[in-house]
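All chains should be modelled from the sequences, with the hints used to inform the complete structure.
For the record, the sequence lines run as chains A and B. Just so we're aligned: 93 in this note's numbering is position 81 of the first sequence, and the numbers increase by one with no gaps anywhere. Just so we're aligned: 538 in this note's numbering is position 37 of the second sequence, and the numbers increase by one with no gaps anywhere.
Please note: incorrect hints may appear among the correct ones.
[Unchecked claim] Quick list of in silico lysine-lysine cross-link-like pairs, DSS-like style, CA-CA up to 30 Å:
no., chain 1, residue 1, chain 2, residue 2
1, B, Lys586, B, Lys567
2, B, Lys540, A, Lys113
3, B, Lys579, A, Lys113
4, A, Lys113, B, Lys553
5, A, Lys113, B, Lys586
6, B, Lys567, A, Lys113
7, B, Lys567, B, Lys579
8, B, Lys563, A, Lys113
9, B, Lys523, A, Lys113
These are computed hints drawn from the structure, not numbers from a lab.
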Amino acid sequence: TQTVSQSDAHVTVFEGDSVELRCNYSYGGSIYLSWYIQHHGRGLQFLLKYYSGNPVVQGVNGFEAEFSKSDSSFHLRKASVHWSDSAVYFCAVSHNNAGAKLTFGGGTRLTVRP
Amino acid sequence: DAGVTQTPRHEVAEKGQTIILKCEPVSGHNDLFWYRQTKIQGLELLSYFRSKSLMEDGGAFKDRFKAEMLNSSFSTLKIQPTEPKDSAVYLCASSFGGDTQYFGPGTRLLVL
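This is the structure in structure tokens:
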């Protein structure tokens with residue numbers, strides 16, 4: 013059974029701050045890792061994914077994430093947040109590929125204050 | 502190119518009613534997923550189709566939930582009979598060949 017843990021339910025920062033949203037997983041095989049964003053009242057939007065190669069992957073809107081096998085982590089980062097980044101962020105794991113049968117973490121609500 | 506569309510966006514049902522939620526995947530996608538989203542349980546997979554064949558029917562949801570995909574461009578999720586605990590957001594997503602999933606806006610269901 014694969015599990016995904018997002019340790020912070022809520023994160024609050026100010027506009028222009030950097031932010032890191034944490035994601036840890038448990039799974040023994042080859043996995044795909046993804047991050048999605050959900051703005052209030054909307055569906056999930058894909059941000060980025062990792063399977064192999066460079067452990068730092070770039071996504072849309074200045075987001076990046078770093079894979080660490082030793083830490084079983086895939087933390088999401090942004091150097092300078094904007095108020096429009098306020099949303100819920102979900103980390104997801106799949107053991108087949110980036111799409112099929114995603115297992116999601118509980119989500120982290122990011123609030124960016126002006 | 503249209504994304505995933507879901508109708509209705511909001512649904513209110515009385516306990517015991519039958520409701521049908523609809524989803525149109527991205528044109529050309531062959532994987533379709535139904536998820537349920539609640540504050541307590543988070544995102545849970547209900548059903549997964551590949552090329553219209555049911556690949557997974559979430560065990561906990563088999564009893565009153567039935568997803569169908571009669572053609573490659575349309576899927577339904579029937580809940581029969583509804584219960585108040587079914588109140589949630591139901592999300593549909595599609596992908597091509599197991600690649601990145603694209604989500605619809607969801608249907609917010611309230612069962613009274």
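Against the structure, the hints come out as follows:
Proximity of Lys586 (chain B) to Lys567 (chain B) is assessed by CA-CA distance (about 16 Å); at most 30 Å being required, the pair is judged to hold. Between Lys540 (chain B) and Lys113 (chain A), the direct Cα distance comes to roughly 20 Å. Compliance with the 30 Å bound is thereby established for this hinted pair. Restraint check for Lys579 (chain B) and Lys113 (chain A): the C-alpha separation of about 21 Å stays at or below 30 Å, so the hint holds. As the CA atoms of Lys113 (chain A) and Lys553 (chain B) are separated by approximately 15 Å, the hinted pair is consistent with the 30 Å bound.
Proximity of Lys113 (chain A) to Lys586 (chain B) is assessed by CA-CA distance (about 24 Å); at most 30 Å being required, the pair is judged to hold. About 18 Å separates the Cα atoms of Lys567 (chain B) and Lys113 (chain A), which keeps this hinted pair within 30 Å; it holds. Restraint check for Lys567 (chain B) and Lys579 (chain B): the C-alpha separation of about 5 Å stays at or below 30 Å, so the hint holds. Straight-line distance between C-alpha atoms of Lys563 (chain B) and Lys113 (chain A) comes to about 17 Å, which keeps the hinted pair within the 30 Å bound.
Of the supplied pair hints, the one linking Lys523 (chain B) and Lys113 (chain A) holds, its CA atoms being roughly 20 Å apart against a limit of 30 Å.
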